[in-house]
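A.B. asks: Taken in order, these protein sequences are the chains called C and S.
According to my numbering, numbering within the first sequence proceeds without interruption in unit steps and concludes at 401.
According to my numbering, numbering within the second sequence proceeds without interruption in unit steps and concludes at 401.
Some hints could be false.
Claimed, not checked - Only some residues are given here: those of chain C computed to face chain S with a beta carbon under 8 angstroms: (1) Arg25; (2) Gly28; (3) Thr157; (4) Gly162; (5) Val166.
FYI, nobody ran anything at the bench for these hints, they're computed from the structure.
From the three backbone atoms N, C-alpha and C, an ideal C-beta is built for every residue, glycine too.
2 protein chains.
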Amino acid sequence: VTWVQGAADSPYGLHHLPYGVFRHRGWVPRIGVRIGDFVLDLEAAERADLVLAGGSLRRSVLNDFMGLGRPQWRAVRARIVELLTEQVHRPAVEPLLVPVTEIELVLPFAIGDYVDFYSSEHHAGNVGQIFRPGQSALLPNWKHLPIGYHGRAGTVVVSGTDIVRPSGQRSTPDGPVFGPSVRLDIEAEVGFVVGVPTRLGDRVPTAHFADHVFGVVLVNDWSARDIQAWEYQPLGPFLGKSFATSVSGWVTPLEALEAAWVPAPEQDPPVLDYLREEQRRGLHLELAVAWNGTLVSRPPFDTMYWTPAQQLAHLTVNGASLRTGDLYASGTVSGPERGQTGSLLELTWGGAEPVTLADGTVRTFLEDGDTVVITATAPGPGGATLALGEVTGRVLPAR
Amino acid sequence: VTWVQGAADSPYGLHHLPYGVFRHRGWVPRIGVRIGDFVLDLEAAERADLVLAGGSLRRSVLNDFMGLGRPQWRAVRARIVELLTEQVHRPAVEPLLVPVTEIELVLPFAIGDYVDFYSSEHHAGNVGQIFRPGQSALLPNWKHLPIGYHGRAGTVVVSGTDIVRPSGQRSTPDGPVFGPSVRLDIEAEVGFVVGVPTRLGDRVPTAHFADHVFGVVLVNDWSARDIQAWEYQPLGPFLGKSFATSVSGWVTPLEALEAAWVPAPEQDPPVLDYLREEQRRGLHLELAVAWNGTLVSRPPFDTMYWTPAQQLAHLTVNGASLRTGDLYASGTVSGPERGQTGSLLELTWGGAEPVTLADGTVRTFLEDGDTVVITATAPGPGGATLALGEVTGRVLPAR
């Protein structure tokens, strides 16, 4: 049991311990680990030799630490648990705790490449029906490979960053026009952060997933549907996505999710060898989307057709190398029911079925001033629950 | 006139002065500038206070220097010309020249985001006819915006890097199969390197192009057509491209290309305001593609429908920020004639019309052991010619 006040029953207890990078008192951003309502300043802890990580905790991004690999990640985590439980360490460690109310989180790692998948069968099916009515909802390739594309790494921002409504071209019956997007949407996703890199030409088999992936963030892949619909053929989404992608400030290490693995949906038809898994595993993460404070959806991550291990195997099967800090996101998480969709496009069925928020306002897509908060919980050990770091953003008017 | 032996008549004379990062004698890679058959070691030059750039030339990548902006770029270039022309500097500078035969170029800058456009009307038309026979060659959006997508920045490699044939899924009448790509192709392109960044939310109007773009590289965007054809719907190319993209080791500064600007093709229908240019300008670069030593194509860059200034304006019109080191490529450069195509897909019309190389061998797509060299020339001041750094690569068998 931790000696930190109030942390024992918190979704940020010893079973969780997510990492982040925080500003406090005008310091250069420092690496910290969350415990209850506090952040343990790991820069100070490593400087005081309370934890040893080769200097990798004395940085303003997690990349060096994430590059160390699983044995080191485990050792540091075990040491942090010691520091936060053994009374002998309390005098040295307690002064290094900062209340979370006094900090501001910044982007926790330098993003290498950002890849976005499209791995929810329900989402792909819904989008297919909305965009291509009357045709087969899933394209012929969808069940054979995890469809994905590269997004813009340079516009990945930390939770809390305001989102300026993007402008761009959209199609009208009179031809394309330019202006602020009129169909601004969210995509609630789960992101996987690469720690251990590979060399060009190497592949990561599904069984090696946990040797490379450091942890998990929540992602909101903001999407301007009108811009996207006009631009995306034949090379895929571009400006409809590239204006901003928000990630949670806390990175949940994979170790904290060991109790959250559940069997993934069966795949039919069978997949090619390189996508096979001895044991198909998904994560039992329960997402929630709040729109101006109204809970509008509960996307269940365990319904995803393609698993994170399959996504990583696919991403590297052509020999593409990984860098520490690469981020790949699941794609919009949508369950089989309307109240389980990870986008407003699906929630309002292309805008045809508006939703009413708690304050009585009616919405189809995002309006200026709207705020979206995506949260998620996961089962921890022994019946405990952990709460992934939230990802939130408010829409500002177009400039 | 430069005092450097043989440089006066070279395509790497004073009118060119491309920058690169080189290895020599086991040193940590250093920044240099090419003059004739030599490289001037700019690390040593800045250390000796022969040139002043705030320490930005004492790095192993060009990024810090590229971030300084055009006034500084001009000042450094003018100073380098002084050093290489005035006899008074010769005693100090001559010892800092290294023969190009003794160096190895490395990747000249850390890539931020890599965007690939699709801006040749002839290329888009050819691909449309080959992939979608019987349908309109250009999609409805093509003449309204420069179509583009994000590629994988982490697999951009320097010219000379061997290319391992990628494996992946391709479609067959019996369903998808996995194996080495059987339609490995090139794309001859011109890349633009961003020096001066922008903040999230800012746009770069077409008139501000030269305030942000530092220079030009040649690009070979290796493409596995069979993988691409199966995967690309609906989110665009992914593994068919992400295994490798080669760039020239020399970066030609925009200043060196002042005599190469020519009027760009007229656009019909007229474009939206943010894509308008007071004076539409393209670059008169003459590319050449050699396949195992046989010149097979001469793609003319001045035929591109969308200009580099339009591409940058489009890329940022939604507020997407730029980072120093961002690279955006033109898309395959193809002229109106068969001998002017920038891809083998077009050159052999989807593989239907093989080409015979000088050694008598017959080819459709790349075979293991094949080498492709892309070069380009541009007009310089006073009738001089400059040669962009070549981009070369050899295909190794799949692992």
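A.B. asks: Do the numbers back the hint for arginine 25 of chain C, that is, is its least Cβ distance to chain S under 8 angstroms?
C.D. replies: At about 18 angstroms, which exceeds the 8 angstroms cut-off, the nearest Cβ of chain S leaves the hint on arginine 25 of chain C violated.
A.B. asks: With a cut-off of 8 angstroms, does the beta carbon of glycine 162 of chain C approach a beta carbon of chain S closely enough for the hint to hold?
C.D. replies: 14 angstroms, violated
A.B. asks: Given glycine 28 of chain C as an interface hint, is the shortest Cβ-Cβ distance to chain S below 8 angstroms?
C.D. replies: 21 angstroms, violated
A.B. asks: Against chain S, with CB atoms and a cut of 8 angstroms, does the hint on valine 166 of chain C hold up?
C.D. replies: With a closest approach of 5 angstroms, the valine 166 of chain C hint holds.
A.B. asks: Was the hint right that threonine 157 of chain C lines chain S, CB cutoff 8 angstroms?
C.D. replies: 5 angstroms, holds
Of the hints listed earlier, those the structure fails to meet are numbers 1, 2 and 4, in rising order.
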